[in-house]
Structure formats: C-alpha cells, structure tokens
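Mind docking these for me? Both chains are given alone in their own frames, and the hints should help you get the complex.
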Amino acid sequence: MNAFRTVALAAFCLAAAPALAETTLSIGMQQEPTSLDPTADATASIDGMLVLNVYETLTAVNEPGEVLPGLAKSWTVSPDGLVYDFALHSGVTFHDGTTFDATDVKFSFDRAMAENSVNPSKSIWAPIASVEVIAPDAIRITLKQMDGFFLFNLAQGDASIVAPESADNNATKPTGTGPFAFAGWTRGDRVVLTKNPAWRDAATVSIDRVEFRFISEPAAAAAAMLSEEIDAFPGFPAPEMLVQFEADPRFNVVVGSTEGEVILAMNNSAEHLKDIRVRRAISHAIDRAAIIDGAMYGKAQPIGSFFPPHHVSYVDLTGVYPHDVAKAKALLAEAGVTAPELLLRVPPFPYATRSAEIIQGQLADAGITVKIENVEWGFWLDEVFKKKSYDLSIIAHTSPNDLGNFARGPDYFYGYDNPEFTKLWDAIKFEADPVKRDALLKDAQRMVTDQAVHGFLFQLPKLGVYRKGVTGFWDSSPVLYQPLANVAKVN
Amino acid sequence: MTLLILRRFIGFILTLLAISAAVFFVMNVLPGDPAMVILGIDSTDDARAALREQLGLNAPVIWRYFQWLGDAVQGDFGTSYSFRVPVAGLIAERLPMTLALAGLATGLTVVLALVLGVYAATHHGRAGDWAVMAFSQLGIAIPAFWLSMLLVILFAVTLRWLPPGGFPGWDDPVAALRALILPATALALVQSAVLARVTRSAMLEVMRQTYVRTATATGLSPARVMWRHALPNALVPIVTIIGMQVANLVTGTIVIENVFYLPGLGRLVFQAISNRDLITVQAMVTLFAAIVVTANFIVDLAYLWIDPRLRSRQ
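Quick mapping for you: the protein sequence lines, in order, are chains F and G. Quick note on our numbering: the first sequence kicks off at 1 and runs consecutively. Quick note on our numbering: the second sequence kicks off at 1 and runs consecutively.
Isolated chain G, as found in the complex (with noise of 0.2 Å):
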C-alpha cells in the first residue's frame, strides 16, 4: 500500500515535470509576443522593448524556464505577463467557483448515471431500457455547447426560473447555487449519457453471474439483490469511466464557463493563451495536469475499497 502510494506520487511528480517542460517550450516556439499583443499595433519599437524588459522576456528561455521552476517549488508562480498580479491569487480566486461547478457536476452525473443505468439492466430489453439507450445516444451525440444554449433559453429566458449566466460570488450561498445549477446540469447530462451505458453493461454482466442468482434464492428483494450485490460487484469499470471523465470536466469547464460567463479558471485559461501570458498557462495547465493525475489516483485506490482481492495481492 504505502509502496503504491510512493510509486504513485513520483509519477505524479515526474508527470508535472514533463507537462511544465512541455508548455513552456511550446508556448515559446508558438507565435505571438506578449508585449504586442498587450500594446496592441499602434504600439512603437521602443515601448514594446520597455515591456518585454520590465517582463523579463529577454532572458534565454531555458534560463527562464529554470528560474519559473525553481520559484514554483518554492510554492511562487510568478507575476501573470497581461494581469500584472500574482498568479497565485488569479488562480485562488477562480478556483473555488470551478471547483463547486465541477463537483456539482460530478455528483450529478454519478446519481443520474447509476440511477439511469441500473434502471436499464434491470429493465433489459423492454421500453425503459430502451428510452435510456436513447437519452444516452442523445447525449453522446449533442454538444455540451449547444445544450447549454436549449437550457439558457428555456429556463433563463422563457421561464425565468435561473439567471442566464454571470456568478454573484459566495456571498449569497443560495444565488451561488442557482447560478451553478445550468451550467452543471449542461456538463452533467453529457457525462452522465457516457457513464449511464457503462454502468447499464456492467450490470448486465454482473447479473449473468451465479452469486446473483444465489443472492435472489435466498429470498431477498430484488432492489437488495440490485444494490447491495450486484451494483458493488460492477464499480469497477463504472469508477475507471468516472475518472477518465474528469480530464473531460476540466476541458468541459473551458467551454461551459465561457458559454454561462462564470468567473473560473477555463475562462481564465482562455484569456491566459489568447494574451500569451505563458506564466500563468504555464501554473493552469501544471494545475489541471495535477487535477487529472490526482483524480486517476483516487480512482486507483478506489480500486481497492471495491474490490477486496485487489487488497490481499498488494
């Protein structure tokens, strides 16, 4: 155990170490100054050379590429080249809004898949079944982007039932969520089709097995024999699509925050690139790489809460 974890954490590092090296070098050769970009085409010779100086950009990139990464170990991300701001602070003050839409997202998607999923096995082969293959289809098919657009005009427009967009900050716990309930539902009904026909699968293939026929001889209800035995026993690739899908949410956020304009990091990573301020794409993509790594992580252990025969082998 305490060995996969170390194992898992060099990996860890020695990913964000490849991905950090990788974007700087590739934001480098990527054409586009940051200076010009910022003083835009009126600009002089002469003010776009004061900039790139007060910038730091005249440095060899490998030296500046060594200078970012000794600051970052010591938890400093530099000052943002566009924001004029500690890429710390950009960073902290979004996080808190993508995470909670993130999680929302996750949290429904998990309870609308397994619901959905676990109604079509159970019902394999007749009407219900089939609405939920289709719903799924659907899912897969339609662009997060689009939906977002049908649910802004049915629930924010025509019914006003939820704000179109914008967040109005933590202050007001209760606008926050109404604020977060269309943009994750947008996510969330794309994810959940993927992760809906996974789970109707696996427990298709689970209750092939005989321990479902002894649990259902045993007399016990069929909902018992549904949750309690056969659902466990299909976690695992339900859990595997689960983290796949967060690299998903984390991309779907870039689209969704720009679509609700919400104030979190996809819309920041957006602006981050068009601006080349590779400082601070440099921390957001170290910090989604991180995101993603960590959530195949929790995913690898989760492998071992489900499945105790995973546990004796370690």
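Just chain F, with the same shape it has in the complex (with noise of 0.2 Å):
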C-alpha cells in the first residue's frame, strides 16, 4: 500500500507545480464500512467516502437536493416520460486508465438487475425495460412504466458506474471515474483518496489527499477534534459536546438537516396497535420537545409526519396531536384498552437509546406501561424488521423520498395496510407535472398523520464540526454522500 502511496504522490507531483505544499484533509468518520462497494453493500458510510468522490453516477444531486449532471453531461426524456436519452462526458477514464463509455453505463445497470444482483436497492432498477448502447458517448434507457424519482435514483450511490475491468475488485480497491483516486485502507484505522488530476475538472479541487479516520466512541470523537488530530467531522456523534465547540474560537458549528425521520414505529398488526385510537393515545402522549431536549440537546427539528422540513412540498403537521395526557387516556378508555403494556425493542443508536426511556415516561403518564429492550442491529433487523416481533421501536428512515414505505404492504414491518395510500403513491410516482405532484405528496403527508400510523418524532440533524478555515461540506444532505471537489482547506 506504501509503495501505491508514493507512486500516487509521485503521480502527483510531477503534474502540480513543484513549490506547492500537499494539502491534506483528515475526516472523521463514526462508521467504518467493511466493503468499499456501494453496489453490493448498504453502509452508508461507503457512499458518504466515495460516491461522487471515487465512484460517479451518471446524474448527481447537489445540497439542495436538486439533479444534475454527472458523467451524463446532458439528457432528453420523451414527451411520454418513457425513454431517456443521455449524453456522456468523453475522455473520461476510470482511475485504472481504462476508457470510460456507454458500454460501462450498459454493464454497470445490467449487472445491477440481473438476477443474481446483490445490488441493496434493486428497486431502482425496476421501472427499467431495457439500457442499449447508441453510440459511446449516447446511452438510452426505456422505462416500462413512467418513474418520477428516476433521475435522482440514478443519483445514488447504489447506481454508480463500474468498470467490467474492475467491478468484482471495487469491496477491497474501489476504482471510479472521480475526483480522487483511492490510495489505501488500513482497516480498523483510515481509507486515503488521492487527487486524480486526470478529473475533468481537476483544477477546481483544491485537496490533495483526503484521510477518512474511523472513530466510533462519541467521546474519542471529540478529543480527536480537540486535540486538532481532524479537520472535519460532519456527521459528529456527540451532541452533548456540541456546547463546548460552539465556545470555542478554533471550531465552526453547524446544525443541518438529513433526510432521516425519526420515528416511535407502532406495529399496526400489534394487538392493541391495530385500533387508530390506541395509536392517536400514542401520538398525543409524546413531547416532541422534551424528547429533543433530552435525546438530541436541541438539537433537532420537529416532525409531525413522515417527511423532511427543508423539502418543498413539506406540509407542517406537528399540531395535529399535541402533547395532551387527558386527550391520550380519554382515547384509550373509548378504545376500551385499560392498562397496556407495549415492548419497545430500540436498535443501538444514541438517538433511539437516548429517545427511548423519555417515551417510556411520557407514555406511563397516560396509563401505558412500555418494556424497553435494547437490541443490538443484526438483532433488530432480523426480528424487528423482518419478523415484525415488537409493538413500538424508534428508528430513523433515512433514505430520500421513503414516504413510498407506507405503499409497501401489510408484510412491512409497520403491518400498514392501506389500498387507498398505496393508490396515492402510485399517481406521486407517475405524476408529471410538479405543481400536482406538490399537492399529491402533501396529500400523503397529512393521511399517514391522520391515521396515526406512527409517533413522528424528529428530523434526525446533521451535526458537523470543523476546523476554521474547512470550507465547502454541505450543511444539509439530501443523500447518504458528500463531494469533496469543492471543499478547501486554509490553515
């Protein structure tokens, strides 16, 4: 790996002009992935090091949220929405000097859908009818049915494009068409990327070498940035220590939003869950702000449904059950249900470890006794999630545009079953024109609120720390990743 490093270096050296100094980037990451293959493994922490950076898309999402181009530098979509034309970038090579062209985009999708994928979000896929090769710089895809969330689909990490070359090596050596070259990984301890001055934007970038380091321990964390060991945390896991960097003049603070809703999931197939009352009992026994003062220090905002506040089409709910304990027990004796005792199973994150004694406190207020079980993922994920063995958990949904869960079945793990939802997510998925589309997705907001399908707690913040003079990591994020073309580094 020593010897990939100097060559790299060298590399690198010989293109810049010799009297620069390497600007080095140190990034703590709380996750360490045990792949490096965002097509073949869910971590996030995968996508949040290398997509956009090493691995690119064929569209891309900025901070807002909004689709841009990506190695595809334009596109046509036919007046019926079935059939995408894209235009490639070309001269673009993968960082092992293999020519990127449209015979990558072709293999990268098939392999995505065919049907020994292991691709974790195949549904992307789904809408696809076929992907045929025009011309090397001219891919077109037809869908089988139209797709609103298709150009941002292609956005993510899950969709990135590979090379047949290097495709099967990409868990342990990850080779793309970005900014950075990856140069190593010690596990247990850092992955290091490398300027690729072959980028067709490479004089933009500003980082020579980008050092993500692997602490996962909340107060770790925070020594490591004060003792100035890293330059950036951006998904920082200690809110509790935010206060102190906030007073201190060498750090900057910032509290920004993901697209994580944090919810009391209610199993709505549960003996007691089953009758909206009992589930309205629910919603009106819990404080939204004195969860987020105690869990998340106050960190967070409020949500009152499944959807994230900074998004357009956001409607405020979070009045429509406010915290009332009368209102909560007057509800569970009219749903005849006296004294129930509900298991909440709570996966090993701070926010729903720290969420989870409050909500028990504030539900015992209203007659309703809650047994917490801490479980740890592997657990949750089999029995919660795939067994729907659990009345209440605490979880964050932080995929983009998730408010489709509520369309996925009574064999999801909320047991939601509603036809008439379903049909509402079906025409937001078909719906063309944005001004209805607004109106449609505000529709489905205020029917998973009116049914009380879940306790919508919080919008899960993005707590970022960062040496002054770090400048160019997104505030917010509206997917799992952040490019780090256009970050700086002053000292």
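Treat the hints with care, since some could be wrong.
To be verified - For lysine to aspartate or glutamate, the following EDC-like pairs were computed, each having C-alpha atoms within a straight-line distance of at most 20 Å:
| no. | chain 1 | residue 1 | chain 2 | residue 2 |
| --- | --- | --- | --- | --- |
| 1 | F | K386 | G | D307 |
| 2 | F | K386 | G | D300 |
| 3 | F | K386 | G | E53 |
| 4 | F | K388 | G | D45 |
| 5 | F | K387 | G | D300 |
| 6 | F | K388 | G | D33 |
| 7 | F | K387 | F | E373 |
Treat the hints as calculated values from the structure; they're not laboratory data.
Next comes the structure, spelled out in structure tokens:
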C-alpha cells in the first residue's frame, strides 16, 4: 500500500507545480464499512466517503436536492416519460486507466438488474425495460412505466458506474472515474484518497489527499477534534459536546438536516396498535419538545409526519396531535384498552436509546406501560424488521423519498395496510407535473398523520464540527454522500 | 515433564474444539442474517437470497461447521462474509498491534505492581502502605473506559504530549510506541491495582517466615533480603494472578481499542459480531481462547521454574 501511495504521490507531484505544499484533509467518520463497494453493500459510510469522490453516477444531486448532470452531461426525456437519452462525457477514464464509455453504463446497470445481483437497492432498476448503447457517448434507457424518481435514483451510490475490468475488486480496491482516486485502506484505522489529476474539473479541486479516520466512540471523536488530529467531523456523534465546540474559536459548528425521519414505529398489526384510537392516544402522549431536548440536546427539528422539513412539499403537521395526556387517556378508554403493556425494542443508535426512556416516561403518564429492550442491530433487523416481533421501536428512515414505505403493504414491518395510500403513492410516482405532484405529496403526508401510523418525532440533524478554515462541506444532506471536490482547507 | 506437556496439549485441543463448536452454534441461533446486515432494509428478497447463496449460507449448520473445521485444521480459516477477504489475513494485519499493546500493558502492570506491592509490604501499616492500598482500591473501582478518557483529556487534549488515538503503523516505530503509551497505561493502571494487592499480601505472608528472619540475621541488606529471598517465594500467587489477567487483557483491548480507535483485534471482533460475520468471529474467539489457554500453560510451566519442589514431584 505504501508503494502505491508513493506512486500516486509521485504522479501528483509531476503534475502539479513543485513549489506547492500538499494539502491533506483529515475527516472523522463514526462508522467503518467492511466493504468499499456501494453497489453490493448498504453501509451508509461507503457512500459517505466514496460516491462522487471516487465513484461517479450518471446524474448527481446537489445540496438542495436538485438533480444535476454527472457522467451524463445532458439528457432528454420523451413526452410519455418512458425514453431517456443520455449524452455522456467523453475522454473520461477510470482510475486504473481504462476508458469510460456507454458500454460501462450498460455493464453497471445490467449487473445491478441481473437475477443474481446483490445490489442493495435493486428496486431502482425495477421500472427499466431496456438499456441500449447508441454510441460510445450516448445511452438510451427505456422504462416500462413512468417513474418520477428515476433521475434522482440514478444519482444514488447504488447506481455508481463501474467498469467490467475492476468491478469485482471494488470491495477492497474501489475504482471509479471521480475527482479522487483510492490510495489505501488500513482496516480499523483509515481510508486514504488522492486527487485524480485527470478528472475533468481537476483544476477546481484544492485538496490533494483525503484521509478518512474511523472513530466510533463519541468521547474519542470529541478528543480527536479538540487535539486537532481531525479537520472535519461531518457526522459528529456527540451532540452533548457541541456547546463546548461552539464556544471554542478554533471550530465551526454546523447544525443541518438529513433525510432521516426519526419515528416511534408502531406495529400496526399488533394487538392493541391495530386500533387507530390507541395509536392516536400514543401520538397525544408523546411530548416532542421534551424528547428533542432530552435526547438531542435541542438540536433537531420536530416533525408531524414522515417528510423532511427542508423539502419544498413539506407541510407542517406537528400540531395535529398536541401533547395532551388527558386526551390520550380518553382515547384509550374509548378504545376499551386498560393499562396496556407494550414492548419497545430499541436499536443501538444514540438517538434511539436516548429517546426510549423519555418516551417510556411519557407513555407511563398516559397509563401505558412500556417495556424497553435494547437490542443489537443484527437482532433488530431480524426480529423487528423481518419478523415484526415488536410493538414499538425507534428508528430513523434515512433514505430520500421514502414516504413510499407506507405503500409497501402489510408484510412490511409497519404492518400497515392501506390500499388508498398505495393508490396515492402510485399517482405521485407517475405524476410529471410538479404542481400536481406537490399537492399529492402533501395529501400523502396528511394521510399517514391522520392514520397515526407512527409517532412522528424529529428529523435527524446533521451535526458537523469543522476546524476554522475548512469550507465547502454540505450543511444538510439530501443524499448519503458528501462530495469533496469543492471542499477547501486554509491553515 | 513431557507427560505434563502432553496432557496440557490434549486439553488445549479439546478446549479449542469445544469453544469453536459453542461459538458456531450460538452464532447460528442468534437472530440476525448476515445478508440483511450487509444489504440493509431497502434490499429486495431476491438480492438477499443471491448474497446468501454467494456466501454459502444455505447449507445446513452442522455441515458448515464440519466444513469450517476441516479447512481450519489445514490452516484455512475461510473468507470473511462482510470483508470478503481471507480471515487469516484480516487477523494477521491486526495481530501485531494488539500483541504489542497487550505486551506493553502486561510489562507495565508487572513492573508497577511489583514495585508498589513490595513497597507497601515493606512499609506495612505506614503512610506508604496506605497510599498504595488507596491507589489500588481506586484502580479496581475505576472503569478502564473512564480512565482512558481522563488520560486523553490530560495528555492529548491539554498537554498535547501524546496523540489522542489512532495508530500510524510500524513504519515509524517511535510514533507507533507513542500511540500505544496511553492505551497501555489505561489497561495497566487498572490491572496493576489488583496485582499490587496480591503482591503485597503474598509478601507479607512470606516476610513472616523464619528463613527471611535468618537471611536478615546473616547481615544481608534489607533490599537484598526482599528481592533475593522474599520475593521469589511470594511469586506463585503473583504469577497465578498474572495468568488470569491475560484473559482480562484480551477483553480489555476490545474496550480500549474502541476508545483509542486502534486498528486491533478487539475492534475487529466487535465489528464482526455486529455484522454477523460468523466466520470471522469463529476464528477470533478460537484465537482468543488459544491465547488464554496458552497463557495458563505458561503459568504452569512458570510454577515449575519458580518452585523447585514442584519439579521434583513430577
């Protein structure tokens, strides 16, 4: 690895003016992935480190969530919304020197769609009928049905464009076309990237070397920032420490938003929770402000439905179920439920474990006994997500446009079955007119709130701590990745 | 002697077999599907099925266990489900750091404990004894995690003498050693608290013996009496505790490596369990068991060396 690093460095030194000092940016990451291939592993930190940095996608998403060109420099869509013609950048090469063209796009998508594909978001390709190479710099994708999210979905890490020559090794040696090339991975410690001088906009990239350092322990993350070992911690894990960083002139603290809606998930097929009055009672028993203060140190925005507040189609429904213990008790009595006991299974995330005890206390005030069971992630996935063996849980849904979860039918872990919502969601997917679509999205938010499918708590914040002089990080994240091409560091 | 070693070796193999079987079956009944953990909650059923097929998870548990065992005997510990690289390589790249950390911590523990324990025994009932006892009481009560954070705040954040964590690799041995000082100290302070107590009481016991009085009567200096005559006779309980502490050290590194974000085995086993990476957990637990059993074996051999009476009895 060292030899490789030296070669990469030497290559860079030859390309750059010799007088320039190398700028290294060191970024703290809480979660270390076990693979570096976003097309075969759902771990969010793979996207966080590599997508739009090492790997590129056909389209890209910017901070406000707009779809922009990526490896496709432009595209046209047929009037029926079924045929997409993409014009690709030419002269692009992968980091191993092989050329990129339309056959790589076809290879990547065929691979993701294949029967034995292990792509974590295979549903992205479900609407595709065919992928055709028209010319080396032109590709045509024909859909079976109209999909309003298609261009956005193509900008996700799952849809990274990979090469047939290197795809099988991407788990340990990622090869893409982006502004940074992979230079090494010391498992348990760091991933290193170096600037790719051959990238089409390389002149605008000011960082020469990026080191992602893996620090899972919140207290250790704070110590690493305070001792200036790390330049940036874009997903800072210790909200309780932010006051200290805000008071320290060496740092900037940024509180932004993510796509993660944190909910008190209710199993709508479980004994008491089948009854909408019980779910509404729970919604009234919850005091969001107290949860946000206690669990997130006040650093989060409350939500009243399953939709991010920063989205243009957001409608504020936080007032639908105001905190009202008497009303909660009345609703329970109306439902004929006395002193119910519910099992709250909590996954091992700080926002969840911290919220759990507060919620337990709040529900106790309304006469609901909650038994808390802290479980580990693998257990949660199997017991709660797959087998629906739970009454309540606390979980953040971090994917963009995931309101469609409520259309996933009774087998999904919500246990929620509402054909009316499914019809509404289909209408949203097929609606091309932005004004009509906006109205439909608002209807959908109102519907899940009216049905009190879950207790809607808060939007997961993006807490960033940066050394002064580090600029260009996104305040909020509409997707899982963080492009570094525009990040700069001055000492 | 040969008989002892042979008996020990057979015990060693049986222990490892029992542990590997227990881990394998426990990990299999534990809820959690590696394919689900890897592909996440938006994955489709057929993608997870394809991955399970790739990983060979569809074969019956018993069959997979014997297959693993057969390969392990030949030195092939399989390929990690989540890392997709051979487990032996994963362990090999992390073992040196953890061994160095454990070695350094053990060295510090022994030196600190012997010095403090002997000092307390020779100053029995006086202020020095009380101070050592107070230190040891504190050391036993304080969690290593918390102590680590205090050390980091003082030596890394405030004084800036040492790095707060991370490991630069072995290319620069000085930097590597600097990175290990705080974690090894955090482990050693807690461990030596226990060992210092044992040393003190073992020494007090020995110092009551008549041969110590005789040695003193021959005109030897108190220091010589202590280090040449008293301490060697007090070593049996001390060595027993050191042997037991090796097991604590192995589990201690899991916590310490997380606090100091060190790329060692402790962090790997933590990650492997979360990822349901059975094949990696299996190899690592077996390795930890081997380390502990080997440590106990070395302790047994040490008894023979310390106490000539045991040798003649063999």
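Here is how each hint holds up against the structure:
1. F/K386 / G/D307: Not satisfied, since the Cα-Cα distance of roughly 60 Å exceeds 20 Å.
2. F/K386 / G/D300: violated, 50 Å
3. F/K386 / G/E53: holds, 19 Å
4. F/K388 / G/D45: holds, 16 Å
5. F/K387 / G/D300: Roughly 50 Å separates the two Cα atoms, so the pair is violated.
6. F/K388 / G/D33: holds, 15 Å
7. F/K387 / F/E373: Between F/K387 and F/E373 the Cα gap is close to 16 Å, so the pair holds against 20 Å.
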